[in-house]
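Going by full-length UniProt numbering, the sequence shown opens with residue 1, and the numbers climb by one from there.
Among the hints, a few may not be true.
As the list claims (entries may be wrong) - The calculated label-pair distances, taken between Cβ atoms and stated as ranges, are: (1) Arg174 - His21: 38 to 46 angstroms; (2) Thr143 - Asp81: 19 to 27 angstroms; (3) Leu190 - Ala215: 21 to 29 angstroms.
Hints are computed from structural coordinates only; laboratory data are not their basis. Ideal Cβ placement from N, Cα and C applies to all residues, glycine included.
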Amino acid sequence: MTFRLISPDWLPDLSKARLAHKYDHGHALVLAGGHGKGGAARLCARAALRTGAGAVTLLCPSNALTENASQLDAIMLRQCDSPEDLRNCLADTRLSSVCLGPGLGLGPEQAALVATALAHGRGLVLDADAITHLARSPEMAQTLHEGCVLTPHAGEFARLFPEIAARLDAPATRGPAYSKLDATRDAARLIGATVLFKGPDTVVATPNGQAALHAACYDRAAPWLATAGAGDVLAGLICGLLARGYSPFHAACWGAYLHVDCARTFGPGLTADDLPDMLPRVLAQLTVPV
1 MTFRLISPDW
11 LPDLSKARLA
21 HKYDHGHALV
31 LAGGHGKGGA
41 ARLCARAALR
51 TGAGAVTLLC
61 PSNALTENAS
71 QLDAIMLRQC
81 DSPEDLRNCL
91 ADTRLSSVCL
101 GPGLGLGPEQ
111 AALVATALAH
121 GRGLVLDADA
131 ITHLARSPEM
141 AQTLHEGCVL
151 TPHAGEFARL
161 FPEIAARLDA
171 PATRGPAYSK
181 LDATRDAARL
191 IGATVLFKGP
201 DTVVATPNGQ
211 AALHAACYDR
221 AAPWLATAGA
231 GDVLAGLICG
241 LLARGYSPFH
251 AACWGAYLHV
261 DCARTFGPGL
271 TADDLPDMLP
281 RVLAQLTVPV
């Protein structure tokens with residue numbers, strides 16, 4: 001099977017239509033952890049908003065509302081203390097994508113939130129703690145659908161796909177060698193969802209074998225992305241693009257490209273907080289204003 005390289009000529013024009021309403025560009029929902037654990041979700045939510053999602057809501061436990069309200073203005077807040085609260089929020093028909101995992105937590109209460117989001121069937125980005133919940137519960141993993149995007153790094157990939165990871169790590173004794181591209185395709189086919197396997201050689205694959213590669217090397221190298229929270233921003237970029245109506249595969253591919261472009265635009269000294277604020281400059285270079 002062939003694959004394509006993710007490059008700027010493949011990106012769409014991400015400008016907004018002149019007369020569109022904010023909800024014409026989608027409404028993204030990001031779930032946050034409890035008190036003192038909301039930073040990852042705030043990074044994710046800011047990135048979703050910067051990609052052009054018309055509205056973004058951060059859903060958090062009641063004990064974290066004040067903390068999040070003190071650090072967010074353009075992002076809406078809503079309380080969520082139970083799966084029932086999440087179901088009530090998901091009943092909003094304007095909601096078009098959901099991201100959960102960054103800073104969510106690993107307790108049974110958070111596992112129930114992941115299961116509830118999966119049952120609703122919307123475009124869904126699962127990162128960080130959400131991937132760990134899937135690895136712990138094969139039954140939950142079976143509820144994944146084609147509207148989902150998983151964004152594991154190597155450690156998370158190994159927990160969720162141990163046999164595939166073991167084959168990838170094994171020394172090649174004859175060719176052709178089993179590659180990261182092969183592993184990501186096999187993982188997507190096994191899990192029934194789009195998989196973005198993070199790294200300098202990020203690979204995106206769908207259950208039907210469609211795949212793309214983004215190589216952050218040579219003139220595209222972005223070593224500054226090796227910083228805490230960078231993955232949370234990537235999850236938010238993908239969630240924002242899903243909210244705008246792009247397919248899981250294209251949202252993941254274009255999110256990966258924009259992520260690296262933001263890091264390269266900022267350069268040395270980058271922290272994850274800087275990434276969303278680089279998007280206006282990056283998008284202005286990539287799109288034709290309308």
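A quick look at each hint next to the structure:
no.	hint	result
1	Arg174 - His21: 38 to 46 angstroms	violated, 58 angstroms
2	Thr143 - Asp81: 19 to 27 angstroms	holds, 23 angstroms
3	Leu190 - Ala215: 21 to 29 angstroms	holds, 24 angstroms
Going down the numbered hints, you'll see the structure goes against just number 1.
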